[in-house]
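Knowing the structure of chain A, use the given hints to seat chain B on it.
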Amino acid sequence: MTRQKRSHHKLKRAVAPYLYLSPSLLIIGLLMLLPMVTVIAYSFQNSAVLRRDPSFAGLKHYQAIFDDPVFWASLWHTLYFTCMSVIFHMTIGMAFALMLNSDRINPTLRNILRVLYILPWLFTAVIIAVIWRLLLEPNGVVNSILMQIGIIGSKVEWFSSPQTALHAVTFANIWAGYPLFMVSLLAGLQGIPKDFYEAADIDGAKAYQKLIFITIPQLMPIIISISLLDFIWTMQVFPLIWITTGGGPIYSTEVLSTYTYKLAFSSYNLSQASASAVVILLISLGLTLFYIRYQKAR
Amino acid sequence: MAEVVLENICKTYGNNFHAIDQLNLSVEDGEFLILVGPSGCGKSTALRMIAGLEDVTSGSLRIGGVDVVDMPPKDRDIAMVFQSYALYPHMTVFENIGFSMRLAGKSKAERKKRVDEIAKTLQLTSLLDSKPANLSGGQRQRVAMGRAMVREPAAFLMDEPLSNLDAKLRVQMRAEITSLQKQLGVTTIYVTHDQTEAMTMGDRVAVLKGGVLQQVDTPKRLYESPVNAFVAGFIGSPSMNLFEATLTGDELMSGALAIRLQDAAFVRRPGLRSYAGRKVVFGIRPEDLYDSSLESGRKYQTIPAKVTSIEELGSEQIVHLNIDTVRVDSGDPDAVQDFGLASNAVAKFEPVSTVRSGSEIRLALDDTKLHFFDPETHLAI
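Chains as they are written, first to last, in the working numbering: chain A, 387 to 684; chain B, -3 to 377.
Please note that the accuracy of each hint is not assured.
Listed next, the in silico SDA-like pairs over lysine to any residue satisfying Cα-Cα at most 20 angstroms (straight line) [claimed, not checked]: (1) A:K596 <-> B:S80; (2) B:K127 <-> A:A683; (3) A:K580 <-> B:L176; (4) A:K580 <-> B:P85; (5) B:K70 <-> A:Y583; (6) A:K580 <-> B:E50; (7) A:K580 <-> B:T364; (8) A:K580 <-> B:A252; (9) B:K70 <-> A:A683; (10) A:K580 <-> B:Y9; (11) B:K127 <-> A:M606.
Quick caveat, the hints were computed from the structure, so don't treat them as lab data.
Just chain A, same shape as in the assembly (with noise of 0.2 angstroms):
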């Protein structure tokens, strides 16, 4: 071989992997990282989209809504909403997972379990939305429920009242994730080796003993991987928020999405609705970028 050949030979090889990746590259550019530039730019400039020549704005707009107690309150609103949807997911999930990956359940019964616990990851989040509606409504059946046992007096306005409007679309939140937990820590105990458990009765185990020492440090990469993910998706969830409250009353159940969402459409203030969208990528990042350096670790 020539050495003009050889080197041909070689650059061709060097080429190869990113034509593969040209046809991804490219669609993931046009449809993910145009429209997310465009929206930093616009964060940067004064009455964006709205005029033809916008003028640059400098940090204005992140300055006007640092400066806006309802951006604070739904950055917290945020917060709660996800943390504790992403710890009920995985404390629901968990039990679930552990109840049917149980022997001592009769076999037929938990094939019909695992149906029914299944369920509210087939619904989507506007039919989710219109249950909860449904169900909490004043003269709905939980009202009549917690009225019947008496753990309430009157009817309370779960989604209306500021008091427990974000209690609320949490719980309804909670009831439409768990699944994912349930299912994929199911998969990760169905693949615990039985002779753990069973050098561990040997040894002398309890069953918390077996949950802490065995159970829970096998699962603890699918635990950590699907936290993180649930976590970014939960902190971006609008429609549940929109239809159930839309984000009120009195800005109680507002959060980032809505708030941003209201900026960009209610109030047509675009550019801060950008600066707002930017701090939310910017959160989501720093949780996509622990998540991917976890995934490198292992």
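This is chain B only, laid out in the frame that chain A set:
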């Protein structure tokens, strides 16, 4: 340390499958007993019942004189080494070995002292901070042993602990486990399907087939006096050659073969006379068959045979032969592998033998080493 006694132990599964049928076995204090048999013979089930990981359907099971049938595994004072080793991948070697002590609420200082002692015995001291994934197969095996030893149990139960190792390491670990058992003097029940492990490691060997105990004896007696054709075929590698013949006078007639029996054969087995004129199964081990061209001095009887293939092992040759006679199946599913399609007998020849594949030879046999079995019951005569 303790004696382990199984009396009329039965195990029946929900689908009415009898995994173990009336198993009676007594393992003495400090003894190394091997449970051996082909796949599905119930040996692992028996071990798991002793460990308490399987319920006993009926019968009595005593460890150190205490009836343990209804006791949970942790109260039986046993330790088990699993085939997979069951080492916790998220724990270090130190944590794996000291796990039972941690469960028992022992202080870290106590744990460290005991684990260090064991690590020293097993040459694991430098590996105490490693995770199992970073260990070789042999090291993992030793950690599994360490985890069993840390509890100072009355009995060790081992379920095919060497089956995941390569052949060379297996030989080394075989010797290590045997010497460790002698050093500790702990009653040990060891399950294997490998008859070489069974013969080389145990004080006594219990052979199981289809959930039924066939024979419990020392390796030497199992080899020399198997109680039936199955044990004869299972113990020894390659398996004993078993053929059908008719006893005519003092001659075994089988196909074109005629093997004359000496009086000593009838003296040793008085029952053999009653088979006169009837069919009988006779067996001869591959190591008792010789290349006649090398054995002219010993005056062995010779029979014609055709060499079908030869396996050169350096120290010996495994010669597959076709003899004009009817081979009898011992009932050992693994034994079938010893015979090719064209051959019905196997011999072990010295490396100096010059026989070639496809050649017709005279096969010398040591008729004092013949074994005889009833053709119906396969019991030894």
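Each hint tested on the structure:
1. A:K596 <-> B:S80: Cα-Cα ~18 angstroms, so holds.
2. B:K127 <-> A:A683: holds, 16 angstroms
3. A:K580 <-> B:L176: violated, 28 angstroms
4. A:K580 <-> B:P85: Distance of about 14 angstroms is within 20 angstroms: holds.
5. B:K70 <-> A:Y583: The hint holds at about 12 angstroms.
6. A:K580 <-> B:E50: Holds - the C-alpha atoms of E50 (chain B) and K580 (chain A) are around 13 angstroms apart, at most 20 angstroms.
7. A:K580 <-> B:T364: Outside the cut-off at roughly 51 angstroms; violated.
8. A:K580 <-> B:A252: violated, 56 angstroms
9. B:K70 <-> A:A683: Distance ~37 angstroms between K70 (chain B) and A683 (chain A) Cα, so the pair is violated.
10. A:K580 <-> B:Y9: OK: K580 (chain A) and Y9 (chain B) at ~19 angstroms, within 20 angstroms.
11. B:K127 <-> A:M606: holds, 16 angstroms
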